[in-house]
Amino acid sequence: MSTATADRIAALRAEGEAAVAAAASTADLEEIRVRFLGRKAELPNLLRDVGKLPPEERGPVGKGANQARQALQAAVDARQAELEAVELEQRLAADVVDVTLPGTPVTPAGHLHILTATRREIEDVFVGLGFSVVEGPEIDLAYYNFDALNHDPSHPARSLADTFYVADDVVLRTQTSPMQVRQMELQPPPLYIIVPGRVYRPDNDATHTPQFHQVEGLAVDENLTLGDLQGTLLAFARAIFGDDREVRLRPHFFPFTEPSVELDVSCFNCKQGFLKDGSRCPLCKGTSWIEILGAGMVDPNLYGYVAESGYDPERHQGFAWGMGIERIAFLKHGVPDLRMFFENDLRLLEQFG
Amino acid sequence: MRLPLFWLTDYVDPGMDASKLAARLAMTGTEVDRVHTHGVSALENFVVGRVLEREQHPDADRLSVCQVAIGEGDVSTIVCGAPNVAAGQTVGVALPGSVMPDGTRLKKAKLRGVPSNGMILAEDEVGIGSDHAGIMVLDDDLVPGTPLAQVLPISTDVLELEITPNRPDCLSVYGVAREVHAATGAPLNPPPWMEDPGTPGPVEGVTVEVQDAEFCPRFTARLFEDVKIGPSPRWLKARLMAAGQRPINNVVDITNYVMLLTGQPLHAFNFDLVAGGKLVVRRAGQGEQMTTLDDQVRTLDSSMHLIDDGEGPTSIAGIMGGQRSEVREDTTRVLMEAANWHGPTLQRTSQKLGLRTEASGRFEKGLPPEQSMWGTIVATQLMLELTGARLAPGTIDVGGEGPAPKTIRLREEKVTRLLGTAVPIREQADILEALEFDVHDAGDGLDVTVPAFRRNDVTREVDLIEEVARIWGLEKLPATIPGHGMSARLTPEQRLRRRAGDALVGAGFSEAIGWSFQAPEMARRLRIDDSAVKLRNPLSEDLAVMRTTLLGSLLTSVRHNTARGAEDVRLFEKGSVYFDRPHRREPTAAEARSTPLPDERMHLAALMTGRIRPASWGDGNPPTADFFAAKGVLETVLGALRVDFTVVRGADPFLHPGRAARVLVGGEDAGWLGEIHPGVAAEFGLARVAGFELDFGAVLPHAVVAPHYEDLTSFPAIRQDLAFWVPADRTASELVEVVRGAGGKLLKDVRVFDVYAREGQTSLAVRLEFRAGDRTLTDDEISPQREKIVKAVAEKLEGELRG
Ligand SMILES: [Zn+2]
Numbered sequence: 001m002s003t004a005t006a007d008r009i010a011a012l013r014a015e016g017e018a019a020v021a022a023a024a025s026t027a028d029l030e031e032i033r034v035r036f037l038g039r040k041a042e043l044p045n046l047l048r049d050v051g052k053l054p055p056e057e058r059g060p061v062g063k064g065a066n067q068a069r070q071a072l073q074a075a076v077d078a079r080q081a082e083l084e085a086v087e088l089e090q091r092l093a094a095d096v097v098d099v100t101l102p103g104t105p106v107t108p109a110g111h112l113h114i115l116t117a118t119r120r121e122i123e124d125v126f127v128g129l130g131f132s133v134v135e136g137p138e139i140d141l142a143y144y145n146f147d148a149l150n151h152d153p154s155h156p157a158r159s160l161a162d163t164f165y166v167a168d169d170v171v172l173r174t175q176t177s178p179m180q181v182r183q184m185e186l187q188p189p190p191l192y193i194i195v196p197g198r199v200y201r202p203d204n205d206a207t208h209t210p211q212f213h214q215v216e217g218l219a220v221d222e223n224l225t226l227g228d229l230q231g232t233l234l235a236f237a238r239a240i241f242g243d244d245r246e247v248r249l250r251p252h253f254f255p256f257t258e259p260s261v262e263l264d265v266s267c268f269n270c271k272q273g274f275l276k277d278g279s280r281c282p283l284c285k286g287t288s289w290i291e292i293l294g295a296g297m298v299d300p301n302l303y304g305y306v307a308e309s310g311y312d313p314e315r316h317q318g319f320a321w322g323m324g325i326e327r328i329a330f331l332k333h334g335v336p337d338l339r340m341f342f343e344n345d346l347r348l349l350e351q352f353g
Numbered sequence: 001m002r003l004p005l006f007w008l009t010d011y012v013d014p015g016m017d018a019s020k021l022a023a024r025l026a027m028t029g030t031e032v033d034r035v036h037t038h039g040v041s042a043l044e045n046f047v048v049g050r051v052l053e054r055e056q057h058p059d060a061d062r063l064s065v066c067q068v069a070i071g072e073g074d075v076s077t078i079v080c081g082a083p084n085v086a087a088g089q090t091v092g093v094a095l096p097g098s099v100m101p102d103g104t105r106l107k108k109a110k111l112r113g114v115p116s117n118g119m120i121l122a123e124d125e126v127g128i129g130s131d132h133a134g135i136m137v138l139d140d141d142l143v144p145g146t147p148l149a150q151v152l153p154i155s156t157d158v159l160e161l162e163i164t165p166n167r168p169d170c171l172s173v174y175g176v177a178r179e180v181h182a183a184t185g186a187p188l189n190p191p192p193w194m195e196d197p198g199t200p201g202p203v204e205g206v207t208v209e210v211q212d213a214e215f216c217p218r219f220t221a222r223l224f225e226d227v228k229i230g231p232s233p234r235w236l237k238a239r240l241m242a243a244g245q246r247p248i249n250n251v252v253d254i255t256n257y258v259m260l261l262t263g264q265p266l267h268a269f270n271f272d273l274v275a276g277g278k279l280v281v282r283r284a285g286q287g288e289q290m291t292t293l294d295d296q297v298r299t300l301d302s303s304m305h306l307i308d309d310g311e312g313p314t315s316i317a318g319i320m321g322g323q324r325s326e327v328r329e330d331t332t333r334v335l336m337e338a339a340n341w342h343g344p345t346l347q348r349t350s351q352k353l354g355l356r357t358e359a360s361g362r363f364e365k366g367l368p369p370e371q372s373m374w375g376t377i378v379a380t381q382l383m384l385e386l387t388g389a390r391l392a393p394g395t396i397d398v399g400g401e402g403p404a405p406k407t408i409r410l411r412e413e414k415v416t417r418l419l420g421t422a423v424p425i426r427e428q429a430d431i432l433e434a435l436e437f438d439v440h441d442a443g444d445g446l447d448v449t450v451p452a453f454r455r456n457d458v459t460r461e462v463d464l465i466e467e468v469a470r471i472w473g474l475e476k477l478p479a480t481i482p483g484h485g486m487s488a489r490l491t492p493e494q495r496l497r498r499r500a501g502d503a504l505v506g507a508g509f510s511e512a513i514g515w516s517f518q519a520p521e522m523a524r525r526l527r528i529d530d531s532a533v534k535l536r537n538p539l540s541e542d543l544a545v546m547r548t549t550l551l552g553s554l555l556t557s558v559r560h561n562t563a564r565g566a567e568d569v570r571l572f573e574k575g576s577v578y579f580d581r582p583h584r585r586e587p588t589a590a591e592a593r594s595t596p597l598p599d600e601r602m603h604l605a606a607l608m609t610g611r612i613r614p615a616s617w618g619d620g621n622p623p624t625a626d627f628f629a630a631k632g633v634l635e636t637v638l639g640a641l642r643v644d645f646t647v648v649r650g651a652d653p654f655l656h657p658g659r660a661a662r663v664l665v666g667g668e669d670a671g672w673l674g675e676i677h678p679g680v681a682a683e684f685g686l687a688r689v690a691g692f693e694l695d696f697g698a699v700l701p702h703a704v705v706a707p708h709y710e711d712l713t714s715f716p717a718i719r720q721d722l723a724f725w726v727p728a729d730r731t732a733s734e735l736v737e738v739v740r741g742a743g744g745k746l747l748k749d750v751r752v753f754d755v756y757a758r759e760g761q762t763s764l765a766v767r768l769e770f771r772a773g774d775r776t777l778t779d780d781e782i783s784p785q786r787e788k789i790v791k792a793v794a795e796k797l798e799g800e801l802r803g
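Protein chains in written order, with UniProt numbering: chain Y, 1 to 353; chain U, 1 to 803.
Careful, some of the hints might be misleading.
[Claimed, not checked] Simulated pairs of lysine to aspartate or glutamate, EDC-like, Cα-Cα distance not exceeding 16 Å:
(1) U:Lys414 <-> U:Glu493
(2) Y:Lys285 <-> U:Glu329
(3) U:Lys352 <-> Y:Glu246
(4) U:Lys414 <-> Y:Asp168
(5) U:Lys476 <-> Y:Glu246
(6) U:Lys414 <-> Y:Asp312
(7) U:Lys406 <-> U:Glu461
(8) U:Lys534 <-> Y:Glu246
(9) U:Lys534 <-> Y:Asp168
If you are wondering where the hints come from, they were derived from the structure by calculation, not from laboratory data.
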């Protein structure tokens, strides 16, 4: 090829590379690209017109021009990437928000009712101890609520002052205990169940609401003892109120257990009945024990009602208990008035669950 | 029951302070509600005084100015208002600084210009009587300055006991003394009825006839003559006061004292007014009336019992006396009755009449007939001692002692097996003997005979084990976990119900728990007339029927919040509703022979009002909850349960008629969805509220609990959008159904994503998703399906593809 042509290609390449390097923006660069590599530019024209050259020059010119064009294109691409990065940073630097403004709200999650949350906690503890969860009707026969639970026909709990009646023999259950006999009818021993649910009694004040919730427990097997009752409820008390808790059993009376006891848990609010400031603990009233539930060994008379399902008072022994979910929630969370549980004020609901 | 310690120590002295005794009793089965001090709690400054001089107050007619010796030669000037104060009297004095039983602290004072350094005491001021007419005049041999507490029971600790219904024997001082003896080991004095001043045999001029021996197992009475009615001595009044009973006169006080001591209620007849000297215990006639002591006319029925004299009813047996033979100031002949009545019968009478007295409350728990005589004996001692009476010879005693005592075998092995630890057999015997059971060694344990006062309560071996365990000490029991080796978990329904609640919480709903009962009026407000279960004895009219929907209680809860300033409220509730129609479960044997139980269903409902998300600086006006917001929540919940559902237009009367739907699951009705009718919402003071309510029983059986794998990842889906003009009366679900029907097997999903209306027509845009499990689809495979869809929409819905 002629020296002049070779020089011209070299000059165009050098000139182009210098221009690319000097490009200050992507817009500049585009202009430069069009100037050196566009359809009307000299270098592409040289390549296009290679065919018009004498045959011996075609190879060298074509090759030289092509190399120059590729080099120039590579330089443009590289510079393009550099400039884009710089320009992005420049744009971002201008896109400044007030980071102290509040975030855009999503719909905030709601909350389970404190009684549901407490009930689930209790259920989970006993499921872990091998107790199944069963539920029964809230409107039930007086037979299951009283008769089959060893309440004699004149027991005062049956009176209109203590039980809501729907018919002579149908009541709003006053306890979750009716499921004891219902479940024993369905299932032969061994039996390990808890029965959470709503119950009703005609009281209405700060510590009694006409509806409330209980969790009944019942275990019947061949050799269950009062010690087993204590151990089971100790495990429960520690799971709910903390690993340091102790429990004690106090003798009591219920028609459907014998012996009957109440279970106290050691107070988690104080030391020996006193608060840090020396005042008497309001939760345990200075006794350092808090009553949480009633329990006992299943009265052998109950097995008489379910003999057909294989219950035998000489062979089988069991224990049962009933606790108030409101009471557990009150003790754990300090809600002062039980009626608040059923007002459903969001300002209360949102504190729990 | 209130137990004054100074009375208890007549029979047993536990040698420990009140709070220790309370703790020990609590741990052996006698619950102590509270310990309080009756009378004066700070004994300082209460002394014996002697009135040296008494002068009229210069400026007040009713006041006296007294010079009172208070010991060690000191003399105080005390202004006194009592009319009976006089020089020479020995009196009780509270000096300045005294703390009175009501908590006030006595200060030096000026009364009408005369300084007064203390107070001369009346009975009621130190809680040993009810008399406030004058000051107490004490024995003259007392020395001024002696602490008053040494000569008068002005202070005692009182245990307020909660006696369980199986232990009526503990509703008495002597009964609790027995418990204290067993619980502490302190020696027990013999009961006060050991010495009987009376004699058996008939009583001249008195006849008693019992016509219903089952109702009245025993009737004892004695006749006292030359009775002088007057005040009781101070020691007796002080005991009654501390036990919470107001002194009246010696005869009435004796009946109360004996009841508190022995547990046996008594009744004192003014014998001169017992016509014919004859008492007859009989059934009342249907509709028979009598006027009781409290001046009420009571109407009886034939299940109740009266005591008649020659002129007709004088009392309702075991419950309350009549006015006619009441003891009065001038009574001189008293017939003192101590009877035994059948508890359950008495309780029914007391309930029917709405009349419960201290006596009936005791009888209804079932008292031993033996106790009647114990009461009679102690009453005789006191009548003779305190009223100057003469005992007429003989004792009325109709009926007699209860059934022979029962002997029960207590097996050592059974004790161990039930408690989970062994109690040495000698300890078992000692405990039972301390509780006054008779104990003999037997082959495999003990033969134990039950005393009369525990006859109803202790009838079986297990009852004896309880006695042993509670005195032996439950704190010695081990804490063991049963080794049953069984696992447990929630049922699928329980897990699904939890998941539904969790999904709603995630969607921004908080859980409410409303009342199961509501006012009958609620049905009118909700425009429904489901047959509701009615309570026979509701607490109030507002709580008289059981709910048939969660809507009422949930609207009430929403309103509670909006009334307190909340604007955006999202609440859900999970709970039972009750229909007055037989339930559909297989009845149990007991159900089969009883009144059918109502149909109780577990529902889930959610309501939302206000904005669906909070406003913010970037979005000042988020949309408010409407039908579609509620439907979105419904989709979230049912999606979380993997339940397929459809909705159709609904017509529930409590819903906006144009925005009402029924939810169908598996083709069956499962609940409602919609905007609450503005008229109903207005009843609750609410603006637009939207929500839904589902019957879990209709939904949960359709939930997919254990889904099976489906290959959605190996080959990509092809998505295509089509928009149609359809006549305005066509619904989105109709279009989706037609598209699905025409789309072939490869069409996996159809979703409406855009809606646009013009005159008489609606544009519905659907997104189609085609997928094959074994290959990547090409447009060539899809386009014939697309053409079929367009054709079907044209034919079936008069729809045309939108350009
Ligand atoms: Zn405490």
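Each hint tested on the structure:
no. : hint                  : in the structure
1   : U:Lys414 <-> U:Glu493 : violated (41 Å)
2   : Y:Lys285 <-> U:Glu329 : violated (47 Å)
3   : U:Lys352 <-> Y:Glu246 : violated (46 Å)
4   : U:Lys414 <-> Y:Asp168 : violated (40 Å)
5   : U:Lys476 <-> Y:Glu246 : holds (14 Å)
6   : U:Lys414 <-> Y:Asp312 : holds (15 Å)
7   : U:Lys406 <-> U:Glu461 : holds (11 Å)
8   : U:Lys534 <-> Y:Glu246 : violated (45 Å)
9   : U:Lys534 <-> Y:Asp168 : holds (13 Å)
Going through the hint list in order, the structure does not satisfy hints 1, 2, 3, 4 and 8.
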